Amino acid sequence: METTPTAPFAGRTVRRVGYGALQLERLHDRRGEAVALLRRAVELGVDHVDTAEFYGSGFANAVIREALRPEDGVLVVTKVGADPDPGGRLPLRLAQRPEQLRASVEDNLRSLGVEQLQVVNLRRLDSGPGLRPEGDQVVDLDDQLAVMTALRDEGKIGAIGLSSVTLAGLRRALPAGIACVQNAYSLVARDDEDVLRLCVAEGIAWVPFFPLGGAFPGLPKATGEPAVRAVAASLGVTPAQVGLAWLLHHAPNVLLIPGTADAAHVEANMAAAAITFDDATLATLDAVESRATDVPIGAE
1 METTPTAPFA
11 GRTVRRVGYG
21 ALQLERLHDR
31 RGEAVALLRR
41 AVELGVDHVD
51 TAEFYGSGFA
61 NAVIREALRP
71 EDGVLVVTKV
81 GADPDPGGRL
91 PLRLAQRPEQ
101 LRASVEDNLR
111 SLGVEQLQVV
121 NLRRLDSGPG
131 LRPEGDQVVD
141 LDDQLAVMTA
151 LRDEGKIGAI
161 GLSSVTLAGL
171 RRALPAGIAC
181 VQNAYSLVAR
191 DDEDVLRLCV
201 AEGIAWVPFF
211 PLGGAFPGLP
221 KATGEPAVRA
231 VAASLGVTPA
241 QVGLAWLLHH
251 APNVLLIPGT
261 ADAAHVEANM
271 AAAAITFDDA
281 TLATLDAVES
291 RATDVPIGAE
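Under full-length UniProt numbering, think of the first position of the sequence shown as 1, with each following residue one higher.
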């Protein structure tokens, strides 16, 4: 069983494996290596990159600005809903209020050096592992969508996405026009299957974060599953590649943004798109147990 090599995203057609810039922070003291890594990703065919101003307190955006050229044609997707907080317990703080969302868009425009952000994900924090809003950070979705659509009307945003959103929240947001949904989702954490089905029906790209499961202690990891390891051994690939390939086979609107600070891992991630499964292998992977991950323990 094969996957299609491309899929629609925000009015374009992109390769189904992109790159998530969060891990660029690991190269903070080796900026040249970070730029070279991103250039290598583009050479390998990456044509969509996921970032945020709070990734490395602006470092990821700065590397993207330096590394990417207009002729590369790379779709850069960013997110709002949190801002950098270098001195805090976590390196970010929530920024959910409408005026904070607008300010975050302006920050991303400035650090990326562009006049329009092609896609901006509103990080809602309603579901999945991650922080939960409190106090004045509990904001109605309609109020947030109002400022996001205003920014789109002003030309500062090209398309709107949602992150960590519930099924009810996505349904409420559909009239605003949603290009993608980023929720925590993997072979071993399929809590949001109903959200994924709605995205398929509405032609919305599904861009899972934590695509291999547990990024925090105690969360399930796809690479530790015996079935995944057995399939990897039989195909001569890595368990991580099997976990990524399963996502691509599972639904036609899945786009992946695995992050890494290692060029060899970028190559391996891109190669996952070429892995095929026969029906029996796919059934074996489909039978892997999904475990709930809806715990407030940090941020992706």
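Rather than coming from a laboratory, the hints here were simulated on the basis of the structure.
Careful, some of the hints might be misleading.
Stated by the list, open to error - Pairwise CB distance ranges (calculated):
(1) G73 - T149: 22 to 32 Å
(2) E193 - R172: 18 to 28 Å
(3) A36 - G11: 40 to 50 Å
(4) P133 - E106: 34 to 44 Å
(5) H28 - G158: 20 to 30 Å
(6) A287 - T13: 24 to 34 Å
(7) P5 - S234: 19 to 29 Å
(8) E43 - R171: 35 to 45 Å
(9) E99 - T6: 30 to 40 Å
(10) G158 - P98: 44 to 54 Å
(11) P133 - M1: 20 to 30 Å
Here the structure is a predicted model, which means the values were calculated and not measured.
The beta carbon of each residue, even a glycine, is placed where N, CA and C say it ideally should be.
Is it true that the C-beta distance of P133 to E106 lies inside 34 to 44 Å, as the hint says?
Hint violated: Cβ distance 21 Å, outside 34 to 44 Å.
Tell me if the beta carbons of E193 and R172 are separated by a distance inside 18 to 28 Å.
holds, 19 Å
Range hint 20 to 30 Å (beta carbons of P133 and M1) holds or violated
The hint (20 to 30 Å, Cβ to Cβ) is violated, given that P133 and M1 are roughly 41 Å apart.
Kindly confirm whether 20 to 30 Å is satisfied by the beta carbon distance between H28 and G158.
At 29 Å between Cβs, range holds.
Are E43 and R171 spaced within 35 to 45 Å by their CB atoms?
holds, 40 Å
Supplied distance hint 30 to 40 Å, evaluated on CB atoms of E99 and T6
holds, 38 Å
Distance restraint evaluation - A36, G11, Cβ atoms, bounds 40 to 50 Å:
violated, 30 Å
Supplied distance hint 22 to 32 Å, evaluated on CB atoms of G73 and T149:
holds, 26 Å
Can you tell me whether the CB distance of G158 to P98 sits inside 44 to 54 Å?
At 19 Å between Cβs, range violated.
Is 19 to 29 Å a correct range for the gap between the Cβ atoms of P5 and S234?
Between P5 and S234, where Cβ atoms are some 23 Å apart, the hint holds.
Holds or violated: 24 to 34 Å for the Cβ distance of A287 and T13?
holds, 33 Å
Comparing the model with each numbered hint stated earlier shows that hints 3, 4, 10, 11 do not hold.
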